[in-house]
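Chains as they are written, first to last, in our numbering: chain W, 106 to 335; chain L, 13 to 636; chain Y, 249 to 328; chain Z, 249 to 328.
Derived from the structure by calculation, the hints contain no laboratory data. Remember, it's a predicted structure, so these values are computed and weren't measured experimentally. Hints are supplied without guarantee of correctness; some may be wrong.
[Stated by the list, open to error] Distance condition first, Cα-Cα at most 30 Å in a straight line; then the derived DSS-like pairs of lysine-lysine:
id, chain 1, residue 1, chain 2, residue 2
1, Y, Lys-259, Z, Lys-259
2, Z, Lys-289, L, Lys-249
3, Y, Lys-289, Z, Lys-259
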Amino acid sequence: MTARIGVVTFPGSLDDRDAQRAVRLAGATPVPLWHGETALRGVDAVILPGGFSYGDYLRGGAIARFAPVMETLIDAAKGGLPVLGICNGFQILCESHLLPGVLTRNAHMRFRRRSQRLRVENSATAFTSHFDPGQEIVIPVKNGEGRYVADEHTLDELEGEGRVVFRYLDGNPSGALRDIAGVTNAAGNVVGLMPHPEHAVEALTGASLDGLGMFTSVIAHLGQTAAAGS
Amino acid sequence: MTGKHEAADVEQVDQELNLDTVEIAAKTPDEVQPYAELGLRDDEYAKIREILGRRPTGSELAMYSIMWSEHCSYKSSKVHLRKFGEKNPTNTRMLAGIGENAGVVAITDELAVTFKVESHNHPSYIEPHQGAATGVGGIVRDILAMGARPIAVMDTLRFGDAEHPDTKRVLPGVVSGISFYGNCLGLPNIGGEVVFDASYQGNPLVNALSVGVLPASRLQNKAASGVGNVVVLLGQKTGKDGIGGVSVLASATFEDDATDNRPSVQVGDPFVEKLLIESCLEMYDAGLVVGIQDLGGAGLTCALSETAAAAELGMYVDLERVPLRDATMEPHEVLASESQERMLLIVNPSKVEDVLAVAEKWGVLATAIGTVTAASPEGGGGRLIINWHGQTVVDCPPGSLADDGPVYHRPIKEPNDRALIAADRAETLPRPSTDAELRETVLKMAATPNLADKTWITEQYDDMVGGNTALSMPDDAGVLRLDGTGAVDPNIGPLGIALSTDGNGRFARLDPYTGAQLAIAEAYRNVAVTGATPIAASDCLNFGSPEDPHVMWQFAQAVEGLADACAQLGVPITGGNVSFYNQTGMTAIHPTPVVAVLGVLDDVRRRVPMGFANDGDVIILLGE
Amino acid sequence: MARVLVDVMLKPEILDPQGEAVANALPRLGVNGITSVRIGKRIELDFEGEADLEQARAVADALLANPVIETFTLRVDEGS
Amino acid sequence: MARVLVDVMLKPEILDPQGEAVANALPRLGVNGITSVRIGKRIELDFEGEADLEQARAVADALLANPVIETFTLRVDEGS
Ligand SMILES: Nc1ncnc2c1ncn2[C@@H]1O[C@H](COP(=O)(O)OP(=O)(O)O)[C@@H](O)[C@H]1O
Numbered sequence: 106m107t108a109r110i111g112v113v114t115f116p117g118s119l120d121d122r123d124a125q126r127a128v129r130l131a132g133a134t135p136v137p138l139w140h141g142e143t144a145l146r147g148v149d150a151v152i153l154p155g156g157f158s159y160g161d162y163l164r165g166g167a168i169a170r171f172a173p174v175m176e177t178l179i180d181a182a183k184g185g186l187p188v189l190g191i192c193n194g195f196q197i198l199c200e201s202h203l204l205p206g207v208l209t210r211n212a213h214m215r216f217r218r219r220s221q222r223l224r225v226e227n228s229a230t231a232f233t234s235h236f237d238p239g240q241e242i243v244i245p246v247k248n249g250e251g252r253y254v255a256d257e258h259t260l261d262e263l264e265g266e267g268r269v270v271f272r273y274l275d276g277n278p279s280g281a282l283r284d285i286a287g288v289t290n291a292a293g294n295v296v297g298l299m300p301h302p303e304h305a306v307e308a309l310t311g312a313s314l315d316g317l318g319m320f321t322s323v324i325a326h327l328g329q330t331a332a333a334g335s
Numbered sequence: 013m014t015g016k017h018e019a020a021d022v023e024q025v026d027q028e029l030n031l032d033t034v035e036i037a038a039k040t041p042d043e044v045q046p047y048a049e050l051g052l053r054d055d056e057y058a059k060i061r062e063i064l065g066r067r068p069t070g071s072e073l074a075m076y077s078i079m080w081s082e083h084c085s086y087k088s089s090k091v092h093l094r095k096f097g098e099k100n101p102t103n104t105r106m107l108a109g110i111g112e113n114a115g116v117v118a119i120t121d122e123l124a125v126t127f128k129v130e131s132h133n134h135p136s137y138i139e140p141h142q143g144a145a146t147g148v149g150g151i152v153r154d155i156l157a158m159g160a161r162p163i164a165v166m167d168t169l170r171f172g173d174a175e176h177p178d179t180k181r182v183l184p185g186v187v188s189g190i191s192f193y194g195n196c197l198g199l200p201n202i203g204g205e206v207v208f209d210a211s212y213q214g215n216p217l218v219n220a221l222s223v224g225v226l227p228a229s230r231l232q233n234k235a236a237s238g239v240g241n242v243v244v245l246l247g248q249k250t251g252k253d254g255i256g257g258v259s260v261l262a263s264a265t266f267e268d269d270a271t272d273n274r275p276s277v278q279v280g281d282p283f284v285e286k287l288l289i290e291s292c293l294e295m296y297d298a299g300l301v302v303g304i305q306d307l308g309g310a311g312l313t314c315a316l317s318e319t320a321a322a323a324e325l326g327m328y329v330d331l332e333r334v335p336l337r338d339a340t341m342e343p344h345e346v347l348a349s350e351s352q353e354r355m356l357l358i359v360n361p362s363k364v365e366d367v368l369a370v371a372e373k374w375g376v377l378a379t380a381i382g383t384v385t386a387a388s389p390e391g392g393g394g395r396l397i398i399n400w401h402g403q404t405v406v407d408c409p410p411g412s413l414a415d416d417g418p419v420y421h422r423p424i425k426e427p428n429d430r431a432l433i434a435a436d437r438a439e440t441l442p443r444p445s446t447d448a449e450l451r452e453t454v455l456k457m458a459a460t461p462n463l464a465d466k467t468w469i470t471e472q473y474d475d476m477v478g479g480n481t482a483l484s485m486p487d488d489a490g491v492l493r494l495d496g497t498g499a500v501d502p503n504i505g506p507l508g509i510a511l512s513t514d515g516n517g518r519f520a521r522l523d524p525y526t527g528a529q530l531a532i533a534e535a536y537r538n539v540a541v542t543g544a545t546p547i548a549a550s551d552c553l554n555f556g557s558p559e560d561p562h563v564m565w566q567f568a569q570a571v572e573g574l575a576d577a578c579a580q581l582g583v584p585i586t587g588g589n590v591s592f593y594n595q596t597g598m599t600a601i602h603p604t605p606v607v608a609v610l611g612v613l614d615d616v617r618r619r620v621p622m623g624f625a626n627d628g629d630v631i632i633l634l635g636e
Numbered sequence: 249m250a251r252v253l254v255d256v257m258l259k260p261e262i263l264d265p266q267g268e269a270v271a272n273a274l275p276r277l278g279v280n281g282i283t284s285v286r287i288g289k290r291i292e293l294d295f296e297g298e299a300d301l302e303q304a305r306a307v308a309d310a311l312l313a314n315p316v317i318e319t320f321t322l323r324v325d326e327g328s
Numbered sequence: 249m250a251r252v253l254v255d256v257m258l259k260p261e262i263l264d265p266q267g268e269a270v271a272n273a274l275p276r277l278g279v280n281g282i283t284s285v286r287i288g289k290r291i292e293l294d295f296e297g298e299a300d301l302e303q304a305r306a307v308a309d310a311l312l313a314n315p316v317i318e319t320f321t322l323r324v325d326e327g328s
């Protein structure tokens, strides 16, 4: 049995099929989940993909948080289900209060896409165990509202508890506080990041293969033996 | 009129007095109508009266003025565009060509690709962000209407002088509009052009391309066939977007100050467009639609008349069923509205419920507004009958709107400065002869906006969403993997397509015939160097006023050049777009034919990027 | 210090996709009595000394509102 | 019909890049007396019948404003 990893499609999700492809390339079975249903279909982990759910109107992720699927997902995440939020998915996790802070408009006010160097600050989460601590990776970043913001106290707490998972290197693409690209909850099962690991899984289409590690990590975390990288 | 109105309340009377019905039109032949204000000539208005056998109603007048406009009828370009058809190389790949929403070419027996370039120049000058955004939205719906899933966009842009204050207004807005709409739709932007030239100062060019892929068996068409089939309007509510021109009809006296009815800018909602795409694709796959047409510039007027005309049948519409954003809209405004993110579907009555269910699943509005009716026994198609709360406001042959518009042979005259231009040879320019001069020339070139790095623009575009982009900026052509192909046998790679758009207004100004050929040659080369085989082309012809014989000469030359080049290269023009009246006062822009070439890679893994790959590789110069 | 408040709203006939998206989400929050949502901008201009309404109007006209699609109103904030 | 107005502003300590951009552009317009520009949202909620301030507050709290970065105020629009 390979791991079954759910990928939620909200109205306006865009990278859902890309996330499914990455799950497949990592050796697990992608399971499409629908925003309008509360059922999680017995999946072992869930990915909230990138995109512009509900047009990203008001604030990214603000409306998606009220989707029926989030009711069950929030409880399941609190119960330990591994959940990865990528870009818009990260925004949804913050708006749902599964992760602290919020993503605001980039300081330069434009959408920006580029290959981004990151440092893996925490390799003990459900999605980062295949990285070495401090490993530097290249993953594309592309967003207009990616600037991580939280109050000083929260930021200190995140740093103190090692919950900053990824940090921007060689320039901060959005003005995110303390160069934060991704964070985790205290238990390490919920991870959110702005860059797109699902766009760094194939030589043909990606600037690197560094993103694959996040998907193989969660498969390992789930105790499955699926062959990675096939 | 009967006396029954006397009992009605004042408001009711008011409304009915303003409502110009077919019945009233028949009885009031001498009513003065603002056809000139609507852009119709005396002879055109006379022809409308002849077709109808009476004066047109206000709604009919609005429809004819829209459909017979240059934009919709191609009245000045038609006689020239025929050259494409005449000279196009015969091509068995072509599944749909000029005249359809977009050309469709077969890639394999099962798979086809559709692509097209379209302009949104004037709206982008008035409101750069929304104008450019809705330009992307419009071309994507054309692709969707063919049955395809849109998979990428490109944009070719022309601005005035980079230092001009108005360029600082227009450029960031245009780029943010394209970025916002395309990114939000999840369509990678895989290439384009940015050129600065003072000739575009008051007339920036925003040409957008979209490409889509479909199983050949899913090809859709726009014909409203099948008497009794239901006409369904899908998508955004209808508002007073872009009805500026016909607002003249709303004022009882034409001198009325119509400020309330000023042209209203269309605002794009890519979120609704994304839902429209997903719901249409689901409907195609379930075999729920008989015909489909996107609503573009001419709104319902164009969609209703073209779908009915294409089937040579009639159509009956209860216009008050159209969901409105503004309850005070009058029928001619509903017909002329350019509200975005709408599609018109023709559906078998047994499938209507399923269509509504799919729409509901995606949260898109769907409303049955009419039915397909029989052709007249005398032949010549059926009648398009549109009612407004039970009163007939339109009753005309749909073909007279869609196909029988005026056709002009505009005067053509070679510009007087041709000889001067020909004499002013590049060879006569001074050449740098010393190291210092050479250095200065190189620095000057590096500093020109046209050669400068375009990252400020391209980094605002998502080029990787979808996960199939195999080449994009900074390569000269975009390459996409066709997902799901080649997966069975690991030795056979997935198929790919390559696309490039090119144009050079300065060259075309010097010599439009050769300039157009250079544009297609460049796009063709850019596609070929990726390893792809070029198979088809689409074009967007941006010119000044067709009423200027010099412009018409440029146009005719460019079309001829392009058609001849296509014949020689063996790639057909599958569709395109003409944008006239790009001029300020008497001064036209450089004639700017923009050409997109599509190529196929039988194994996308073998695509060739442009940079030098490895240390020690040998560099060879091919050609003269 | 004095403050001028500028409210910028889309013209009524212009589509407000943002407001529509919010309005459509309300039933899921159990809210059904709201028929329309329109979202605009509220801008606070702080003046060093006295509030200069004329200057504020010039700024609103040139920078804050896009006259093609938006209208604005302004007033001195009495509370500040 | 009744209308409730919700004003959503960024907390003072949160960077407002849009406001900064406007503030930086002011000298070029010849405007020098403005010391700060903050840009927030003005949201109009139209109710079918009576304005329900409690419901409006619940919507603002749950959806319209994010308490991590924003505060809101609301009032019934007397003009409507
Ligand atoms: N408006 C645009 N939209 C998308 N891509 C663009 C646009 N303009 C330029 N590009 C892309 O940026 C890259 C560099 O463009 P450019 O500087 O014009 O190069 P070149 O002159 O070599 O064609 C190319 O890949 C081109 O496709």
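Legend entry - Numbers of the earlier hints that this structure fails to satisfy, in rising order: Violated: none.
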